[in-house]
Amino acid sequence: MANEWAPASTEYPATPGSTEASSQMQHLADDIKCYDVLVCDKTALKMANEWAPASTEYPATPGSTETSSQMQHLADDMYDKVAAYLQGQIEGSVAEYKLLEDLNNVTSQRYDDMKQVASDETLRPYLQQIDEVDENTRKLEEAAGMLERYVTALGKFFVSL
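Numbering follows the UniProt record's numbering, with no gaps: position 160 of the sequence shown is 160.
FYI, nobody ran anything at the bench for these hints, they're computed from the structure.
Yeah, the Cβ is synthetic: ideal placement off N, Cα and C, and Gly gets one too.
A portion of the hints provided could be inaccurate.
[Unchecked claim] Simulated restraints on C-beta separations: (1) Thr152 with Glu132: 27 to 35 Å; (2) Thr107 with Ala144: 49 to 57 Å; (3) Lys98 with Glu121: 33 to 41 Å; (4) Thr107 with Val82: 49 to 57 Å; (5) Tyr111 with Ala143: 46 to 54 Å; (6) Ala83 with Glu121: 34 to 42 Å.
Kindly produce the complete structure, drawing on both the sequences and the hints.
What follows is the structure in structure tokens.
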């Protein structure tokens, strides 16, 4: 089968550089340009037809409503599944952020506790001094009690004399 877009003449002149050769080469170049334009236009038309939306000017083919409803059902099913997937992704992200917030709160509480312990550690020398003063006060009270008993006993001794 002959190609309808191919150049008609495939003969080349025997003498390059002659006017006849130049004319044939120009004709061949024009044929190639025309062939390229036609192929490009044909490809563009084919692509446009593939991607063009269905026109309402033409009547529907008998099986197209069944195919169309099936395609609509599949599209709806796909939409629902994509929506469920995205919803799951969003819920997962929200759960991760909630967990991160809880972890931050726990960490904050732990740092507050550590701050309190550190503050107690800085007070420890003062608390030890207070304990020492308390112990010395107790010893002083015991000594005062012993002195009071001794004075009472001494008073009784002088009264008896």
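How the hints compare with the structure:
Between Thr152 and Glu132 the beta carbons are some 30 Å apart, a value that agrees with the proposed interval 27 to 35 Å. Roughly 53 Å separates the CB atoms of Thr107 and Ala144, a value that falls within the hinted 49 to 57 Å. Evaluation of the 33 to 41 Å hint for Lys98 and Glu121 yields a pass: the beta carbon distance comes to about 35 Å. In this structure the supplied range 49 to 57 Å is violated for Thr107 paired with Val82, their Cβ-Cβ distance being about 37 Å.
Restraint check, Tyr111 to Ala143: a C-beta distance of roughly 48 Å satisfies the suggested window 46 to 54 Å. At about 56 Å, the CB distance of Ala83 to Glu121 disagrees with the hint of 34 to 42 Å.
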